[in-house]
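Student: Let the sequences and hints guide you as you build the complete structure.
In short: position in the sequence shown from 1, add 186, done, that's this note's numbering.
Treat each hint with caution, since some may be false.
[Stated by the list, open to error] Between beta-carbon pairs, the in silico distance windows are:
1. D231 - T259: 25 to 33 Å
2. A307 - S251: 45 to 53 Å
3. N334 - A307: 13 to 21 Å
Honestly, the hints are just simulated from the structure, not real lab data.
The beta-carbon is built from N, C-alpha and C at its ideal position, and this holds for glycine as well.
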Amino acid sequence: MLFLCGFCHHCKQRYQKLLYHDVEDQAICHGSAIAAVNFATPITDGSVVYNWRRTNSNVVGLARSGTGNIPATVLTNTTNTAQVDTITVTPVYTNNGNECTDESITFTITVNPKVVMDTVANQAICHNSAIAAVNFTTPITDGSVVYNWTRTNSH
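Tutor: Set out below in structure tokens:
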């Protein structure tokens, strides 16, 4: 019988891959949306359900697990370092009451930290006096931050 499932040789032989395509890793900024992840299969009989789960609790905005496609969702990073969230997807094929579970695939979503800058102290100076050096700093501990600044008083 073709649809004996579980770890059945016939099921694995007939349906080599339940997930039709690879899923691309994504990298976004804090507060940005990931692209929707839509799963597809070449199977036309029975049904395929995609169960997924993710690992990183420092990434907020997406359920810890779900079934089906992953919608475009705004994610935030609760730390000062880039966070990698690994998503594991397990396809399950069902036909005539029998189930076959395919091998899981994984992909990652990297959420970079919110860009923040430590407070810079104001300075009051006298005419023809030099200002103290202004050093810009951030609590972000990986990657790099570029500071662009402008002066508003030209007198």
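Student: Is it true that the C-beta distance of N334 to A307 lies inside 13 to 21 Å, as the hint says?
Tutor: With a Cβ separation near 19 Å, N334 and A307 satisfy 13 to 21 Å, so the hint holds.
Student: Between the beta carbons of D231 and T259, is the distance compatible with 25 to 33 Å?
Tutor: holds, 32 Å
Student: Is the gap between the beta carbons of A307 and S251 within 45 to 53 Å?
Tutor: Since the Cβ atoms of A307 and S251 sit about 47 Å apart, the hinted range of 45 to 53 Å holds.
In the structure shown, no violation is registered for any of the earlier numbered hints.
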